[in-house]
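Student: Residue-level listing of the chains:
There are 2 protein chains.
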Amino acid sequence: MGKRILSGALIVAFTLPMLVFSSTGILNTLVALISAVCLYEALIVTKYVEAKHIMVFSLLLAVTVPFVTDLSRRGIVIWMALYAFVMFILIIVNFPKFKFQHICVVFMLSLVIPYFFSNIVFLRRFDGGGYYICLVFIGAWFSDTAALLFGMLFGRHKLCPNISPKKTVEGSIGGVVGATLGYLLFGLVVERFCGVTVNYLILVIAGALASGAAQLGDLSASVIKRTFGVKDFGKLIPGHGGMLDRFDSVLFVAPYLVAMVSFFPFLKGGIVW
Amino acid sequence: MGKRILSGALIVAFTLPMLVFSSTGILNTLVALISAVCLYEALIVTKYVEAKHIMVFSLLLAVTVPFVTDLSRRGIVIWMALYAFVMFILIIVNFPKFKFQHICVVFMLSLVIPYFFSNIVFLRRFDGGGYYICLVFIGAWFSDTAALLFGMLFGRHKLCPNISPKKTVEGSIGGVVGATLGYLLFGLVVERFCGVTVNYLILVIAGALASGAAQLGDLSASVIKRTFGVKDFGKLIPGHGGMLDRFDSVLFVAPYLVAMVSFFPFLKGGIVW
Numbered sequence: 001m002g003k004r005i006l007s008g009a010l011i012v013a014f015t016l017p018m019l020v021f022s023s024t025g026i027l028n029t030l031v032a033l034i035s036a037v038c039l040y041e042a043l044i045v046t047k048y049v050e051a052k053h054i055m056v057f058s059l060l061l062a063v064t065v066p067f068v069t070d071l072s073r074r075g076i077v078i079w080m081a082l083y084a085f086v087m088f089i090l091i092i093v094n095f096p097k098f099k100f101q102h103i104c105v106v107f108m109l110s111l112v113i114p115y116f117f118s119n120i121v122f123l124r125r126f127d128g129g130g131y132y133i134c135l136v137f138i139g140a141w142f143s144d145t146a147a148l149l150f151g152m153l154f155g156r157h158k159l160c161p162n163i164s165p166k167k168t169v170e171g172s173i174g175g176v177v178g179a180t181l182g183y184l185l186f187g188l189v190v191e192r193f194c195g196v197t198v199n200y201l202i203l204v205i206a207g208a209l210a211s212g213a214a215q216l217g218d219l220s221a222s223v224i225k226r227t228f229g230v231k232d233f234g235k236l237i238p239g240h241g242g243m244l245d246r247f248d249s250v251l252f253v254a255p256y257l258v259a260m261v262s263f264f265p266f267l268k269g270g271i272v273w
Numbered sequence: 001m002g003k004r005i006l007s008g009a010l011i012v013a014f015t016l017p018m019l020v021f022s023s024t025g026i027l028n029t030l031v032a033l034i035s036a037v038c039l040y041e042a043l044i045v046t047k048y049v050e051a052k053h054i055m056v057f058s059l060l061l062a063v064t065v066p067f068v069t070d071l072s073r074r075g076i077v078i079w080m081a082l083y084a085f086v087m088f089i090l091i092i093v094n095f096p097k098f099k100f101q102h103i104c105v106v107f108m109l110s111l112v113i114p115y116f117f118s119n120i121v122f123l124r125r126f127d128g129g130g131y132y133i134c135l136v137f138i139g140a141w142f143s144d145t146a147a148l149l150f151g152m153l154f155g156r157h158k159l160c161p162n163i164s165p166k167k168t169v170e171g172s173i174g175g176v177v178g179a180t181l182g183y184l185l186f187g188l189v190v191e192r193f194c195g196v197t198v199n200y201l202i203l204v205i206a207g208a209l210a211s212g213a214a215q216l217g218d219l220s221a222s223v224i225k226r227t228f229g230v231k232d233f234g235k236l237i238p239g240h241g242g243m244l245d246r247f248d249s250v251l252f253v254a255p256y257l258v259a260m261v262s263f264f265p266f267l268k269g270g271i272v273w
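Line by line, the protein sequences are chains U and V. Numbers 1 to 273, taken from this note's numbering, label the letters of the first sequence in order. Numbers 1 to 273, taken from this note's numbering, label the letters of the second sequence in order.
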């Protein structure tokens, strides 16, 4: 437990600069760094990286995507196409040594991880962008923590024993409660102290749904780990496994929140950090 | 050979409306249709569609992406994320029946095919957009046809016997010559009759590289067919196999051309159809 608290503090120390410098290239850089580390861990787990240059090109994609998303629509699509071109060239040149199916797994992870995380960069464009970026982490980590606590205290009914035997329905409900309370609390604080106008109804709904996205991220990561027979994505963060073990929820909350805010901007008139 | 000419005429009759109505929603609609048919063929070949709804959601992605690319940058990324969310939910709910690796193959094809084709929609935004759309098809089909002819006449050295035993180095060179001549011819015609200013140096280079993209598309399709032990993607077009057998080169020339035109707009001041 002490280890968990220590590593939690480490993570906060890492994500805090993302919030403080959200309007600068530091945000892109940190998102690029997280994307690359998480992708590296995921690819290692698959054991499908049959040659070093697959890893090199995939990591190149991961570190550039958070900057490319600041470019045009066609820039985003072309970047993806360029990566696909390289992967197809590698398959063709190394046929039949590199398996098409394996490269597809590499391709999926290399696209999902950096493009999902890049949504954090999109959020800063909204009025009140810095606050929305906070809500990515609040949604993910309040959900995770509350699910853990509720599961330990009240957990009785297994959620999906095939994928993640420790998860319970009670924990899952706890996650929803936790994220909703976290959003509400954040709304109260920023309204009182930062002069932000908050739409509480949408904020509460967004919090509940954020927990849904967070839990989907968590279960998706579990499916990958279960498929490849590993317990964690690495040992980078003491007590938390790899970076991706800790950021799997964030990974899924970020795109969810961009979609949500596009339709319902629930924080208005805030100072954008 | 008669069948081939007939089906060639059919394809022209299909693609001509894309050029004539390139500034309207008809272009998006036709690109959506081609994407969906090609994706359907590819997914059937993989045999990885373990339930109908995987196919339904993938085809939904294919028909919507050519419209979504007209939206914002975050619209493009969110659409991809939404599809990934659905796929992960399907994997989780059907674990371990649906294999993660299989869904990754579905994911790669479902992204590559519609997002690649959607570059045709991007091209119309350029000054002289209609002409560039022509060049996608000229690049692909002059390369294909010349490669076939050169291969039949002079083919001696196998290009990649593991993947596509009939392809020769001579055919490949012929493809480059054919596409380059096609581009040059097109440049001469539009400069003379349509009052377009043409940069011939870039046009020639673009033609040669377009053949490279076309051949990469052709070989990539072959790798997929070889991996799953089929000869063609279907029987839709008499003498040509499936739609994807005929459009594999177009698929790769489209994103290549958007990248090329972004840096070197080699046709200028034309009337955009």
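Rather than coming from a laboratory, the hints here were simulated on the basis of the structure. From the three backbone atoms N, C-alpha and C, an ideal C-beta is built for every residue, glycine too. Errors might be hidden in some of the hints.
[Stated by the list, open to error] When the alpha-carbon atoms are kept at most 27 Å apart in a straight line, the in silico DSSO-like pairs for lysine-lysine are as follows:
hint, chain 1, residue 1, chain 2, residue 2
1, V, Lys3, U, Lys97
2, U, Lys99, V, Lys166
3, U, Lys231, V, Lys166
4, V, Lys99, U, Lys99
5, U, Lys97, U, Lys166
6, V, Lys235, V, Lys47
7, V, Lys52, U, Lys97
8, V, Lys99, U, Lys52
[Said to hold, decoys possible] Output of the computed footprint for chain V on chain U, the stretches with three or more beta carbons under 8 Å from beta carbons of chain V:
hint, region
9, 79-86
10, 251-265
Student: Work down the list of hints and note, for each, if the structure agrees.
Tutor: Going through the hints against the structure:
1. With a C-alpha separation of about 37 Å, the suggested pair lysine 3 of chain V and lysine 97 of chain U falls outside the 27 Å cut-off, and the hint is violated.
2. For a cut-off of 27 Å, the pair hint linking lysine 99 of chain U to lysine 166 of chain V stands: about 22 Å separates their Cα positions.
3. A threshold of 27 Å between alpha carbons decides the hint, and for lysine 231 of chain U with lysine 166 of chain V the separation of about 47 Å lies outside it, so the pair is violated.
4. At roughly 16 Å between alpha-carbon atoms, lysine 99 of chain V and lysine 99 of chain U fall within 27 Å of each other, so this suggested pair holds.
5. Pair hint lysine 97 of chain U plus lysine 166 of chain U does not hold up; C-alpha atoms about 39 Å apart against a cutoff of 27 Å.
6. The suggested pairing of lysine 235 of chain V with lysine 47 of chain V holds, with an alpha-carbon distance near 17 Å, which does not exceed 27 Å.
7. Simply put, lysine 52 of chain V and lysine 97 of chain U have alpha-carbon atoms about 32 Å apart, too far for the 27 Å limit, and the pair is violated.
8. Restraint check: the Cα-Cα separation between lysine 99 of chain V and lysine 52 of chain U comes to about 26 Å, which is no more than 27 Å; the hinted pair holds.
9. Remark: the region 79-86 of chain U is confirmed as covered by chain V, as 5 of its residues place a Cβ nearer than 8 Å to a Cβ of that chain, reaching the required three.
10. Counting residues of the region 251-265 of chain U whose C-beta lies closer than 8 Å to any C-beta of chain V gives 6; at least three are required, and the coverage claim holds.
Hint violations for this structure: numbers 1, 3, 5, 7, all remaining hints satisfied.
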